[in-house]
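Visitor: Chain B: place on chain Y using the hints.
Chains as they are written, first to last, in full-length UniProt numbering: chain Y, 1 to 586; chain B, 1 to 249.
Quick caveat, the hints were computed from the structure, so don't treat them as lab data. Be a bit skeptical, because a hint or two may be false.
What the simulated footprint calls covered on chain Y by chain B, stretch by stretch (three residues with Cβ under 8 Å from a Cβ of chain B suffice, anywhere in the stretch; the number is not a length) [said to hold, decoys possible]:
no., region
1, 27-40
2, 341-350
3, 534-540
Between beta-carbon pairs, the in silico distance windows are [what the hints assert, rightly or not]:
no., chain 1, residue 1, chain 2, residue 2, range
4, Y, Ser200, B, Trp208, 21 to 29 Å
5, Y, Lys98, B, Arg110, 49 to 57 Å
6, Y, Glu267, B, Trp208, 48 to 56 Å
7, Y, Asp434, B, Ser137, 45 to 53 Å
With a straight-line cut-off of 16 Å between C-alpha atoms, the simulated EDC-like cross-links for lysine to aspartate or glutamate are [claimed, not checked]:
no., chain 1, residue 1, chain 2, residue 2
8, B, Lys114, Y, Glu167
9, B, Lys204, Y, Asp170
10, B, Lys146, Y, Asp169
11, B, Lys204, Y, Asp197
12, B, Lys146, Y, Glu541
13, B, Lys224, Y, Asp169
14, B, Lys135, Y, Asp87
15, Y, Lys35, Y, Glu72
16, B, Lys164, Y, Asp170
17, Y, Lys227, Y, Glu205
18, B, Lys224, Y, Asp197
19, B, Lys114, B, Asp148
20, B, Lys135, Y, Asp169
21, B, Lys146, Y, Asp87
22, B, Lys164, B, Asp148
23, Y, Lys525, Y, Glu550
24, B, Lys224, Y, Glu167
25, Y, Lys47, Y, Asp26
26, B, Lys114, Y, Glu430
27, Y, Lys127, Y, Glu109
28, B, Lys114, Y, Asp276
29, B, Lys224, B, Asp196
30, Y, Lys374, Y, Asp350
31, Y, Lys525, Y, Asp496
32, B, Lys135, B, Asp203
33, Y, Lys458, Y, Glu430
Backbone N, C-alpha and C define an ideal beta-carbon position, used for all residues, glycine too.
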Amino acid sequence: MQKKMAYSFPDEVLEHVFSFIKSHKDRNAVSLVCKSWYEIESWCRRKIFVGNCYAVSPRMVIKRFPEVRSVEVKGKPHFADFNLVPDGWGGNILPWIKEMAGAYPWLEEIRLKRMVVTDESLELIAKSFKNFKVLVLSSCEGFSTDGLAAIAASCKNLKELDLRESEVDDLSGHWLIHFPETYTSLVSLNISCLGSDEVSFSALERLVGRCPNLRTLRLNRAVPLDKIASILHRAPQLVEFGTGAYAAELRPDVFSNLAGAFSNCKELRSLSGFWDVVPAYLPAIYSVCSRLTTLNLSYATIQSRDLIKLVSHCPSLQRLLVLDYIEDSGLEALASSCKDLQELRVFPSDPFGVEPNVSLTEQGLVAVSLGCPKLQSVLYFCRRMSNVALVTIAQNRPNLTHFRLCIIEPKTADYLTLESLDVGFGAIVEHCKDLRRLSLSGLLTDRVFEYIGTYAKKLEMLSVAFAGDSDLGLHHVLSGCESLRKLEIRDCPFGDKALLANAGKLETMRSLWMSSCSVSFGACKLLGQKMPRLNVEVIDERAPPDSRPERCPVEKLYIYRSVAGPRFDMPPFVWMKDEDSALGLS
Amino acid sequence: MEVGLKMGMKGGGLNHVGGCEKAKMGFAETELRLGLPGGGGSGEGEVVRKRGFSETVDLKLNLSSKESSGMDANDEKVKVLHKEKNLLPCATDPAKPPAKAQVVGWPPVRSFRKNVLATQKGSSEESSEKAAFVKVSMDGAPYLRKVDLRMYNSYQDLSDALAKMFGSFTIGNCGSQGMKDFMNESKLMDLLNDSDYVPTYEDKDGDWMLVGDVPWEMFVESCKRLRIMKGTEAIGLAPRAMEKCKNRS
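Bound-form chain Y, shown alone (with noise of 0.2 Å):
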C-alpha cells in the first residue's frame, strides 16, 4: 500500500492554485483529475453555472459545492423568445431559491436566464442574504415592482440590478424609494425593460447621485429627455448609459443642455435607449462618439441619413445594433468608418409586412464583411440572399464565430439563381473554422445538414427552421458535429429515424428542441425508455399524445440530459415516460 507520496502538495497549496482558475470548464477538467482534487475543488469552487435547470437539482449542487456565492442558472429553452413554449411550461427558480436560502447564507450573486422569477422569490432573496450583491435577471417574467421594492429595502451591499428584457408588471413607480437614503453603494442598474409608468424621479436622481461608483445605468422610456442633463450632471463617471424616450420640442436650451452633460461624461463607452428618437438631438451625442464601442439603437427608428451621420462619428464602435433602416448605404458607410466592429445586428423594423419596406439586401452585409477585419458576430435580418454574397462574406471572414442570417420569408431561394442556399451556407461552414454558433434560413436541402456535419466541427449551439429534406439531413448534424450542445429545430421534416440512431449523441448535448416536425410519440416513449439520463418532454397542447396512435406526430419536443430524473413541476401539456414505463410495467 503506498503511502501519501510525500511531495504532494498540501490542500491549502492546491486551493490557492485553483483559485486562479475561473472558468467552469477548466474547473470541471482539475475536478476530474483524482479524488482528492475533486474534494478539494469542491468546496473551494465560488461560482456555479448551472445551463438547465432541470438538469441538476439545487440538492445536489449544494450538496457538492458547499460553498458557492455566486449562481447562475438558465430556465426556458431559446425558442421561448419567440413564444413556442406555452406559458406554464416551467423554469420557477422559487425551488432553488428556497434550497440556497438555508444552504448558502453568504450568497452574493444570482444571474438567471429565462426564468419565471415570483415576487415570493425576490422576497426571499432580500431577506435570506445578507450579503446580497449581483442580481440579474434576463429575459425573466412573473415578478412585480414590489418585489423590486423587497429587494430594494433589504439589500444594503447591493452592487447590480440588472432586468435586461424581462416582463415586469409594472405595479407603481415608486419602488425606488425603497433603496434607503444610505444606500451608497449602486455600480448597475438596468431598468430599461419596465413599463411606461414612470419611475419616481426625483427618487432616482437621488439615488443616481448619492452612489459615487455608479458605472452603469440604463433608464426605461418613461424618463423624458429633458431629465438627461440632470442624471448625467449627477454621474458624469457613468461608463454605460441608456436613455429613455429620446424625443422632445426642439429647443435650444433643452439642446445646449443634454449635449453638455453628456460631454462631461469622459468615461462613456456604451450608449443605449434611444426611444422614438428626435434625429435632431442626435448631435448632442457627438462628443462622446470618438470613445463610444458599443452603440445600441435597436429601437431607434431613424432613417438612414442620420445613422450615417452618427456613425460616422464612432470610429471606436466595437459593437452595433441597429434597425433595418439603416439600409445598404448606411452599412457601408459603417464599414469604412468603424474598422474595429467586432459585431453587428440588424432588427427587422417591418418583420411582417410582405414588402420590403427598406433598401437593406445582403450588399449591406457583404460590404461589412468586407470592410470590418475584425468582424466575428453577426445577426441579420433581411428579404434576400444569395449563394455568391455568402460565399463572399465566408471568405472575407473566416474568423466569424457567430453568424445568425433570418431571411424573412420562410424557403427563399438565392434570389439571382433560384437554388437553394445550400452552398452558400456551407461555404460559411467551410471557412470560418470556429464558428460556434449558427443560424440558417432561406431554401435548404439536407444537402446543408452534409456540409455542416463535415466542416462545423466548433458548432456548438445551430437553429434551424423550414429546411432539409429527411432524416438524413438531421443524422448528418448529430453524427458530424462534435461540439454541439444546443440544437433547436421548427417545421422540418425530420422524424424518429435520425433521432433514435443518433440517441447516444443526445447525452452529449445539453438540449434538443423540436417542433412542428416529424417524430412520432411511440419514438419519444422509446427515447425515453432507453436513455434513462435523458428527459423526454412531450409539450402538446391539444390533447394528451397517448389519446392518439403513436405513429401521430408529436406538437412539440424537448429533449435534455438530466441528473436529476423526471422534474415534478410538469403543467397538464407535458408528458413525459414515468418510472413504470422504463421497468416495462405499463
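Guide: Same frame as chain Y, but now just chain B:
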C-alpha cells in the same frame, strides 16, 4: 439505421398536422360547441352601436370534457385548430387589407421588440403587427397563461381558445344559454348563479368587467387582463357592469 432513406417530403416542412394556415376557416363545422346563439359572434366586425345591446354573445366557457373526446378520433385527419395559429382577418371587412397568415414565432423577433415597433409606428398600422398580449388567470389554476387578443376575431374564438387552455382544470356544465342582456339585472343574476366559471376582464380604467358587454374590437382595445372567475364571485361585478353600461349609452 438506413441513412439512405428519403422521407419524400421535399419542401413539405411546414406542419404535418395543420398544414393549412387558414385552419380556422374550414374548421368551424367540425368544432363542437355549446350554446351558441344564432347571431353569436357576428357583432364584432360591425359598426359600434349605441348601447342597445340587444345582441349579445354567449361567452360561457365550454369546459365540459365530453365535447373534446369526440375530437380525438378525428385528430389525425382534422386540421387541428391550434390556438396560436393566426387567422386571416375577416374577409368581409374592407378596411383591413388581407394580411399574410402568420406563423407563430416567425420571423424570430421577440415580443418585446414587436410591441415596441408597433407602438412606434402609430395606430394606423395593420393590427396584425401589434400584438395585444394579456394575462389570463383562472381561479384555482396554478399558473397564468398569456394570449394575444389579436389572434382572435370574435368572442367565440376567444371562448374556444380559453376552453382549450383551461379545460383540463374544470368540468363546468354550462348548459345552453339564451341571449344575455346586460341591461336586465335579474337575467344577469340568473346567469351568474347558474354558471361555474365566467370570464371577466380588467379594462383601461382599472375596472373589472364581464366579458362580452362591448363590441369585440372595443374589447380588444380596452382589455388589460383576463380573469376567469367563479360565477358566484362575478356576481359582485354585475352592478358595476350595469352602471358602466348605462353610463355609456
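Visitor: If a hint holds in the structure, say so; if it doesn't, say that too.
Guide: Going down the list of hints, with the structure as the test:
no.	hint	in the structure
1	27-40	violated (count 0)
2	341-350	holds (count 4)
3	534-540	violated (count 0)
4	Y:Ser200 x B:Trp208: 21 to 29 Å	holds, 27 Å
5	Y:Lys98 x B:Arg110: 49 to 57 Å	violated, 30 Å
6	Y:Glu267 x B:Trp208: 48 to 56 Å	holds, 50 Å
7	Y:Asp434 x B:Ser137: 45 to 53 Å	holds, 47 Å
8	B:Lys114 x Y:Glu167	holds, 14 Å
9	B:Lys204 x Y:Asp170	holds, 14 Å
10	B:Lys146 x Y:Asp169	holds, 13 Å
11	B:Lys204 x Y:Asp197	holds, 14 Å
12	B:Lys146 x Y:Glu541	holds, 14 Å
13	B:Lys224 x Y:Asp169	holds, 12 Å
14	B:Lys135 x Y:Asp87	holds, 10 Å
15	Y:Lys35 x Y:Glu72	violated, 26 Å
16	B:Lys164 x Y:Asp170	violated, 29 Å
17	Y:Lys227 x Y:Glu205	holds, 9 Å
18	B:Lys224 x Y:Asp197	holds, 15 Å
19	B:Lys114 x B:Asp148	holds, 12 Å
20	B:Lys135 x Y:Asp169	holds, 11 Å
21	B:Lys146 x Y:Asp87	holds, 7 Å
22	B:Lys164 x B:Asp148	holds, 15 Å
23	Y:Lys525 x Y:Glu550	holds, 9 Å
24	B:Lys224 x Y:Glu167	holds, 15 Å
25	Y:Lys47 x Y:Asp26	holds, 12 Å
26	B:Lys114 x Y:Glu430	violated, 34 Å
27	Y:Lys127 x Y:Glu109	holds, 14 Å
28	B:Lys114 x Y:Asp276	holds, 14 Å
29	B:Lys224 x B:Asp196	violated, 23 Å
30	Y:Lys374 x Y:Asp350	violated, 29 Å
31	Y:Lys525 x Y:Asp496	holds, 11 Å
32	B:Lys135 x B:Asp203	holds, 12 Å
33	Y:Lys458 x Y:Glu430	holds, 11 Å
The structure does not agree with the numbered hints 1, 3, 5, 15, 16, 26, 29 and 30 stated previously, though it agrees with the rest.
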